[in-house]
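For reference, the chains in residue letters:
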Amino acid sequence: MAQKKIGKQTLQFSSVPAIASAASVVGPMEGQGPLGRHYDLVFEDALAGEKSWENAEQKMMQYSMEIALEKQSLLTSDLDFYLAGDLLNQIICANFTARFLNIPFLGLYGACSTMAEGLCVAGILLEGGFAERIGVSASSHHDTAERQFRFPTELGVQRPMTAQWTVTGSASCVVERINSSGVRLTHATIGKIIDMGISNAHDLGAAMAPAAMNTIKTHLEDLGRKVDDYDLIITGDLGLLGNNLLKELMKKEGYSTDKVSDCGILVYAPEQDTHSGGSGCGCSAVVLAAHLLKRLQAGTYQRVFFVGTGALLSQLSSFQGETIPCIAHGVVLESTGGGQ
Amino acid sequence: MHEEEIRQKIKQREELIAHQVLLEEQEMAKVQQELQKEHQKVLYWESRATGEEKENFTDLRREIERQQQRVAQPQQLVYQRIALKLAPKQTVVKNTIMAFLVGGAICTIGQVIKDFFLQGGLADQEAGAATSAILVFLGAFLTGIGYYDELGKVAGAGSLVPITGFANSIVSSAMEFKREGFLYGVGARLFTVAGPVLVYGTMVSILVGLIYYFLK
Numbered sequence: 001m002a003q004k005k006i007g008k009q010t011l012q013f014s015s016v017p018a019i020a021s022a023a024s025v026v027g028p029m030e031g032q033g034p035l036g037r038h039y040d041l042v043f044e045d046a047l048a049g050e051k052s053w054e055n056a057e058q059k060m061m062q063y064s065m066e067i068a069l070e071k072q073s074l075l076t077s078d079l080d081f082y083l084a085g086d087l088l089n090q091i092i093c094a095n096f097t098a099r100f101l102n103i104p105f106l107g108l109y110g111a112c113s114t115m116a117e118g119l120c121v122a123g124i125l126l127e128g129g130f131a132e133r134i135g136v137s138a139s140s141h142h143d144t145a146e147r148q149f150r151f152p153t154e155l156g157v158q159r160p161m162t163a164q165w166t167v168t169g170s171a172s173c174v175v176e177r178i179n180s181s182g183v184r185l186t187h188a189t190i191g192k193i194i195d196m197g198i199s200n201a202h203d204l205g206a207a208m209a210p211a212a213m214n215t216i217k218t219h220l221e222d223l224g225r226k227v228d229d230y231d232l233i234i235t236g237d238l239g240l241l242g243n244n245l246l247k248e249l250m251k252k253e254g255y256s257t258d259k260v261s262d263c264g265i266l267v268y269a270p271e272q273d274t275h276s277g278g279s280g281c282g283c284s285a286v287v288l289a290a291h292l293l294k295r296l297q298a299g300t301y302q303r304v305f306f307v308g309t310g311a312l313l314s315q316l317s318s319f320q321g322e323t324i325p326c327i328a329h330g331v332v333l334e335s336t337g338g339g340q
Numbered sequence: 001m002h003e004e005e006i007r008q009k010i011k012q013r014e015e016l017i018a019h020q021v022l023l024e025e026q027e028m029a030k031v032q033q034e035l036q037k038e039h040q041k042v043l044y045w046e047s048r049a050t051g052e053e054k055e056n057f058t059d060l061r062r063e064i065e066r067q068q069q070r071v072a073q074p075q076q077l078v079y080q081r082i083a084l085k086l087a088p089k090q091t092v093v094k095n096t097i098m099a100f101l102v103g104g105a106i107c108t109i110g111q112v113i114k115d116f117f118l119q120g121g122l123a124d125q126e127a128g129a130a131t132s133a134i135l136v137f138l139g140a141f142l143t144g145i146g147y148y149d150e151l152g153k154v155a156g157a158g159s160l161v162p163i164t165g166f167a168n169s170i171v172s173s174a175m176e177f178k179r180e181g182f183l184y185g186v187g188a189r190l191f192t193v194a195g196p197v198l199v200y201g202t203m204v205s206i207l208v209g210l211i212y213y214f215l216k
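Residue numbers (our numbering), protein chains in the order written: chain A, 1 to 340; chain B, 1 to 216.
Keep in mind that the hints were calculated from the coordinates and are not lab data.
Worth double-checking, as some hints may not be accurate.
Said to hold, decoys possible - Cross-link-like lysine-lysine pairs, in silico, DSS-like; alpha carbons within 30 Å at most:
hint: 1; chain 1: A; residue 1: K51; chain 2: B; residue 2: K153
hint: 2; chain 1: B; residue 1: K85; chain 2: A; residue 2: K71
hint: 3; chain 1: B; residue 1: K85; chain 2: B; residue 2: K153
hint: 4; chain 1: A; residue 1: K226; chain 2: A; residue 2: K251
In isolation and in its complexed conformation, chain A is listed as follows (with noise of 0.2 Å):
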C-alpha cells in the first residue's frame, strides 16, 4: 500500500516543498499580451539575436532559469536536479540548457503539461529526500512549432477558428525541500492518457478537454473536496473551445464551474487574433510565473489547482491517422502568506 498516495491517482506532500522563485522570458507578441509587463524578459524579435528559432528558445528556457536563480541569489550549483522539457522533437531546448546549467538532468516530455509534470516529479524527489532544490523549466516557440507540427512559417495558410497560437516563452521555477515564504505545492494528481478520438491536430482544446476533466473530477474525488475548495481551478492550454467544453463536461456531472479558467485564454488578448487563445509548453508555465505565483504569494489566491495538459501527438501520428492521445497532470498550489 503507497503510503503517501491519496485515492487514485494523487500523491500529498506531507514535508511541503515550495515554489522559492520563478521567472519567465517570452517574445514580443506575449509582451504585448495582458500579461505584459508581469514577464522578466521579453525579447524584441522572435529571433532574440540568434541564428535559428530553436536557438531562441534554447536561450529563453536557459535565461529564464538563471533568472529565476539570481532572484534567489543562488547559483546553478546550488540545484540536486534539473527538470525540463520542450516541443520539439527529442526535447533539444532541454537538453541543450541542461548542457548549460552543468547538473544532474532528467529530461521530460509531456507536451504542452511538461511545466506541472516537473512539479510533480520535483514534488516526488523532494518528499522523498533525494534533493533539496531543484530547477524546473518548460518551453515553446511559435515559429519552431509551426514548422515541426504544422506548416513552414510563412505558408499563406488560413488557420481554422478553433486553432490555438503556440507561445512563444519559456518558464522556470526554483522549487525547495525547506521554504517557509514561497508558493507550497501540497499534492499532486498525476493524469492518465486519455482518447476521445479527435485525430485533428488543429482542434487540440476539444482534443484535451476530457483528460482535463477526467483529472480535476480524480483530485476532486481523491481528497474529498469540491470545487469551492479552490480559489481558482486552471487548465494549461484549452483555449476557448476546449474551456467551454470542459466547463460543458463539469455541468453535466454535477460541478459548479466559475472558478474553472485557463492559461491558453488569459495569455493573449482578444484583439491579438490568435483564435482560440495561446498553446505550448510555455503558455501555461508564463502564466504560472508571471500571474499566478504572484498572486499566491500576495495572498489573493489561497489554494489553486493548476492542471497542465498535453496533447501527446507528433507529425508521423496524425500522418498515419492516428488519433490524439491527451494527458493532463494537476498540482495544488497554496499561499503562505494571508490568510493561513
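The hints should help you fit chain B onto chain A, whose structure is shown.
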C-alpha cells in the same frame, strides 16, 4: 559583483582563450562556473533595465556567451583527437575497387542494352533514351524487391552514381513514406533524397547551357 569587475574578468579570460590555453579539469570547472555566475548576474540586470542601459547589458551578456563557447574548445579538441585515433579506418582501397567494378558492370549492362537497340534499328539518340528507361526500371524493380540496398552496401558510389541509383533514391522514398498517406507522405517526401540532385542538376545545366550559347 559589479559591472566593472565583470568587464575586467572578461579581459583576463580573453588572453586565456586567444592563446588556446589547455586548462586542468579543476581550473576549467572554476572558469566555467565563474562565467555562469557572471552571465546570470548580467542577465538579471538586463531584465531590470530599460533603453540604452539594457542594450549595454545585452552586449556584455553576448560577450560572456562568446567566451562560454570558446573556453572549453582546447579540451574538446584533445578529446576529439583521441576519438579519431581509435575510430576504425574506412576501407578506402576495397571500397574504391568495389565501386569501380559494380559501377563498371552497370555501365556495361547499359552498353549491351544500347547495342541491342541499335542493332534492332533505332537511331543513336532513341537507343540512349530507351536504354535509360530500361535501366531506371531495373533500378526501381530491384529496389522494390529489396536487392538494390544490398548492392549499395558493397558498391557505394558504384551503384549510387549511375541512373539506377537515381531510380533507387525515388522509389525507396516512395516506399518509406506511403504509410503517411499519398498527400503528405509520398507526395511531400518523394524527392527527399533526389531533390538536391534535381534542383542543382537543373540549375547547373542551365548555367552551362548559357555559357555554351555565348561562347559558341
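Which hint numbers doesn't this structure obey?
Hint check: 1 and 2 fail, others pass.
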